[in-house]
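Enquirer: Residues per chain, in single letters:
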Amino acid sequence: MKFLKLLFRNRLAALGAVVLGLILLIVLITPLLPLQDPDVTNTSNRFLTPFSEGHLLGTDHLGRDLLSRLLYGTRVSLAVGIFAALIAGTIGSAIGIVAGYFGGRTDNVIMRGVDMLMAFPYILLALAIVAALGPGLFNALIAVAAVNIPFFARNIRGVTVSLAGREFIDAARLSGMGHTRIILTELLPNVLSTIVIAMSTTVGWMILETAGLSFLGLGSQPPQADLGSMLGEARAQLITDPHTSIIPGIMIFLIVMSINLLGDGVRDALDPRLRSGALTRPRAQTMVEREGPVPADDGKGLLNLQALSTQFHVGGRVYKAVNDVSLHVKPGECLGVIGESGSGKSVTALSVMGLVPSPPGVVTSGAVRYEGDDLLDMPFEKLRQRRGDKVAYIFQDPLSTLHPLYRVGDQLKEAISVHHKVPDKELEQRAIDLLRSVRIPNAADRIRNYPHEMSGGMRQRVGIAMALANDPDVIIADEPTTALDVTVQAQILSLLDDLRREHGLAIIFITHDFGVVAQLCDRVAVMYGGKIVEEGTTTDILDHPAHPYTKRLMACVPELGAGKRELAAIPGLPPIVSDLPPGCAFAPRCDKATEACRQGEIALEGGRHAVRCIHPEEEVA
Amino acid sequence: MSVALKVENLAKTFAISGGLFRGQKAGVRAVRPMSFGVETGETLGIVGESGCGKSTLARMLVGLLEPTEGTIEIEGKALDNADPKAFGRLIQYMFQDPVSSLNPRKTIKQIMEAPLKRLHGMNRAERDKRIAEIFDSVNLRSEFLERYPHEFSGGQAQRIGVARALAAAPRIIILDEPVSALDVSVQAQVLNLLRRLKDEFNLTYLFISHDLAVVEAVSDRIVVLYFGAVVEIGKAEEVFSNPKHPYTKLLADSAPVVGRPLKAPEQKDSELPDPLNPPPGCAFATRCPRATDICRESDPALERVGGDQFAACFHPLED
Numbered sequence: 365m366k367f368l369k370l371l372f373r374n375r376l377a378a379l380g381a382v383v384l385g386l387i388l389l390i391v392l393i394t395p396l397l398p399l400q401d402p403d404v405t406n407t408s409n410r411f412l413t414p415f416s417e418g419h420l421l422g423t424d425h426l427g428r429d430l431l432s433r434l435l436y437g438t439r440v441s442l443a444v445g446i447f448a449a450l451i452a453g454t455i456g457s458a459i460g461i462v463a464g465y466f467g468g469r470t471d472n473v474i475m476r477g478v479d480m481l482m483a484f485p486y487i488l489l490a491l492a493i494v495a496a497l498g499p500g501l502f503n504a505l506i507a508v509a510a511v512n513i514p515f516f517a518r519n520i521r522g523v524t525v526s527l528a529g530r531e532f533i534d535a536a537r538l539s540g541m542g543h544t545r546i547i548l549t550e551l552l553p554n555v556l557s558t559i560v561i562a563m564s565t566t567v568g569w570m571i572l573e574t575a576g577l578s579f580l581g582l583g584s585q586p587p588q589a590d591l592g593s594m595l596g597e598a599r600a601q602l603i604t605d606p607h608t609s610i611i612p613g614i615m616i617f618l619i620v621m622s623i624n625l626l627g628d629g630v631r632d633a634l635d636p637r638l639r640s641g642a643l644t645r646p647r648a649q650t651m652v653e654r655e656g657p658v659p660a661d662d663g664k665g666l667l668n669l670q671a672l673s674t675q676f677h678v679g680g681r682v683y684k685a686v687n688d689v690s691l692h693v694k695p696g697e698c699l700g701v702i703g704e705s706g707s708g709k710s711v712t713a714l715s716v717m718g719l720v721p722s723p724p725g726v727v728t729s730g731a732v733r734y735e736g737d738d739l740l741d742m743p744f745e746k747l748r749q750r751r752g753d754k755v756a757y758i759f760q761d762p763l764s765t766l767h768p769l770y771r772v773g774d775q776l777k778e779a780i781s782v783h784h785k786v787p788d789k790e791l792e793q794r795a796i797d798l799l800r801s802v803r804i805p806n807a808a809d810r811i812r813n814y815p816h817e818m819s820g821g822m823r824q825r826v827g828i829a830m831a832l833a834n835d836p837d838v839i840i841a842d843e844p845t846t847a848l849d850v851t852v853q854a855q856i857l858s859l860l861d862d863l864r865r866e867h868g869l870a871i872i873f874i875t876h877d878f879g880v881v882a883q884l885c886d887r888v889a890v891m892y893g894g895k896i897v898e899e900g901t902t903t904d905i906l907d908h909p910a911h912p913y914t915k916r917l918m919a920c921v922p923e924l925g926a927g928k929r930e931l932a933a934i935p936g937l938p939p940i941v942s943d944l945p946p947g948c949a950f951a952p953r954c955d956k957a958t959e960a961c962r963q964g965e966i967a968l969e970g971g972r973h974a975v976r977c978i979h980p981e982e983e984v985a
Numbered sequence: 631m632s633v634a635l636k637v638e639n640l641a642k643t644f645a646i647s648g649g650l651f652r653g654q655k656a657g658v659r660a661v662r663p664m665s666f667g668v669e670t671g672e673t674l675g676i677v678g679e680s681g682c683g684k685s686t687l688a689r690m691l692v693g694l695l696e697p698t699e700g701t702i703e704i705e706g707k708a709l710d711n712a713d714p715k716a717f718g719r720l721i722q723y724m725f726q727d728p729v730s731s732l733n734p735r736k737t738i739k740q741i742m743e744a745p746l747k748r749l750h751g752m753n754r755a756e757r758d759k760r761i762a763e764i765f766d767s768v769n770l771r772s773e774f775l776e777r778y779p780h781e782f783s784g785g786q787a788q789r790i791g792v793a794r795a796l797a798a799a800p801r802i803i804i805l806d807e808p809v810s811a812l813d814v815s816v817q818a819q820v821l822n823l824l825r826r827l828k829d830e831f832n833l834t835y836l837f838i839s840h841d842l843a844v845v846e847a848v849s850d851r852i853v854v855l856y857f858g859a860v861v862e863i864g865k866a867e868e869v870f871s872n873p874k875h876p877y878t879k880l881l882a883d884s885a886p887v888v889g890r891p892l893k894a895p896e897q898k899d900s901e902l903p904d905p906l907n908p909p910p911g912c913a914f915a916t917r918c919p920r921a922t923d924i925c926r927e928s929d930p931a932l933e934r935v936g937g938d939q940f941a942a943c944f945h946p947l948e949d
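Those protein sequences? They're chains A and B, same order as listed.
Using the numbering used here, read the first sequence as starting at 365 and increasing by one per residue.
Using the numbering used here, read the second sequence as starting at 631 and increasing by one per residue.
This is chain A alone, in the form it adopts within the complex (with noise of 0.2 Å):
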């Protein structure tokens, strides 16, 4: 259903379904019609105009009647052209799946079959299948079936081998499953939609190539009648009575075309990407739509978020990922944002620089202030100067953020020169200081690498080199650590420790590790289900937790050198924030909680050591 709402949301997709349905329902019909026969020839009348009393199109150069014969021929083109597409397809689909489950040998050997096959020209190929086999549609259905198997055979290749390496397949192997069994249940079933979007895209072709070989005289014999076939025959009255030629062109203009929109309009809906709404370009800047005040500047710190909140509308669900989030961090500062995946951690920092992917993510209220102007409420152009001017951030996945096809130290040079006009020689060696300081070895050669030529560790140090490239003030820097080794990980927080400490950086860390975060930050912030719970020095938090939540998270987190012991567990898991309970989200899962914490907002509390909760594991100041 969901599938058929997407197909016909493409005007062009179902024009050309609407345009094949009424050809399919006419030739299904056709024998049913009070048509006159087909190859019954009438010399006397050959070559009447389309209206001509009984003849509707006309006759043809032997006076047999058109129309007839444009809905023989179109049944027997058609169904021609789809018998061919689903042989190609099985048969390529078959090659395809083999070779990119097998791999290796058997792989080399098959594609390499395959590419002869694909050098020769195309309608030669065919020729060559129907001289050998000799004249007549079903050898014309045999020709042009097999010069679309290379076609199926890659593509479908090319998504074996992707799935190949999953996981799944080598589980099905540790069940005991053949290698029969497990193309056919496990590979089969993930590739059908790519097969059936390749067939439904060639059939339109498959019908003009035999249509072709038709024309030449190599497809349907007289007297049977395809669109090909009646082409060939009007060829000599071209320009005497052109209706006998352009009567089948017109048809076969008509089902290729519809095949072909239709085509696409499948293809496109059942795209995963295009589903999940990947291909629907975000705009530059997230969208902003407060429906309360704008609260007012308290002026705290450098970079001031004010009861922030950013939501998610997809479809008919509001995902409410950060809810009325306040946080500010001054010069020098470090301060930590903790929470487990789905806490709204991430979504804040984006949220800042107007990062967030919009749509579906639109800001709802609050403010984000950096010297005390909001970046909100900025135009474009004026908040496009400060991203990564200003505030810089640091994500995850080097490899993702770094662009693969260019040397490290020409995109240092660009983020460089995106904000300031410095000259070429000038911004050479301002790449190569970065890298030094971010205690890369050897960084005058090292500009010249290539992202995939360095280690993850590396490639993080030019994130961090990017990130200050322009000497921001703040750095939002989201589980930069994450993806790396333990003993890179180390450097990398060193690196960044001396920075802040050096050049008087505010850092805002996002991360899930409470070590991590005991030895960086000055300041933490637990978030959960979208809510700062918890927030404080790093010394109250960590030895007084008041937040229940924050209390039984630590006490998951195994410490080393405790040897092997049962480790604390929450039963349950976190909210959905499209989903969020009435009163505290962290009451389905605690062991404290009364009716009272199920019911209405419960406030953040305190001064320094802030807390939202009604029972506290610890009174707070």
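If you're looking for bench data, these hints aren't it; they were derived computationally from the structure.
Every clue listed holds true.
Capping the alpha-carbon separation at 20 Å, the derived lysine-lysine pairs in PhoX-like fashion look like this:
hint, chain 1, residue 1, chain 2, residue 2
1, A, Lys746, A, Lys785
2, B, Lys865, A, Lys928
3, B, Lys828, B, Lys865
4, B, Lys879, A, Lys928
5, B, Lys715, B, Lys747
6, A, Lys694, A, Lys664
7, A, Lys754, A, Lys694
8, B, Lys893, B, Lys879
9, A, Lys928, B, Lys828
Computed footprint of chain A on chain B, listed as stretches where at least three residues anywhere in the stretch have a Cβ under 8 Å from a Cβ of chain A:
hint, stretch
10, 725-736
11, 804-815
12, 821-828
13, 841-848
14, 872-882
Owing to the predicted nature of the structure, the values given are computational and were not obtained by experimental measurement.
The beta carbon of each residue, even a glycine, is placed where N, CA and C say it ideally should be.
Here the structure of chain A is known, so what remains is to put chain B in place on it, guided by the hints.
Expert: Using the frame of chain A, we list chain B on its own:
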């Protein structure tokens, strides 16, 4: 105590083909010859950083990769051909990514039935009974059976992964980073479940992880890998608190610990050696603060360094 798994000189070299006309040239030694044993009921932790060969080792142990040399013995029986079916009944593998290890187009029931049908040839009634028992043990509700993998959270999917591994009724389960994709609060749920199941089904675990604290919390003994070779083996409570190999010490010092001041631990270089062209001698020598000439010339053997601890080092750390 009987030996559940014994590995002798197990090694894997991946051939790098030199192109169409040159045939095979060099090889990458992902796992260099290593030997160790695991006793029945024991949990052996395996730690190491990316590129140390821990996943290659695991895939050899379950028969997904054929070893280049060496033997694998399970309960005294040699398994020398890589036939997943022969391995499947004795040793199972639990995958790191809970979601991608479940076929998106199959219901949980279909996934659970495969090992019962293929490995044990059970009929429908037996299968239903066994699945119900296993689901009960891993705290999953039976109505989950008709659902598809994408409907589950990471923690639930990982429990389904455990259930599937248990369905094969193996003697040994290899847990490859079983909790690294999970949130901290859920991670402990899965770890405690694994501990309970081990006693319930009398299992032996090989627990692979990069998280030192997690490995220490669940293991009896720990193997430390570096660049495809064992550098240290010892009791879990000893290895990180009293490391003998400088690399183990570097690992232990690098882990972020509450209350320890932030400081990059001592090392000269953070790069691994080039796997295509490894230097002679100890692979850690370029990063090691204690390295001398002998370290750069010959490969140290794994030797007893007191008690039950073994280290491959010419200059092991003193107490």
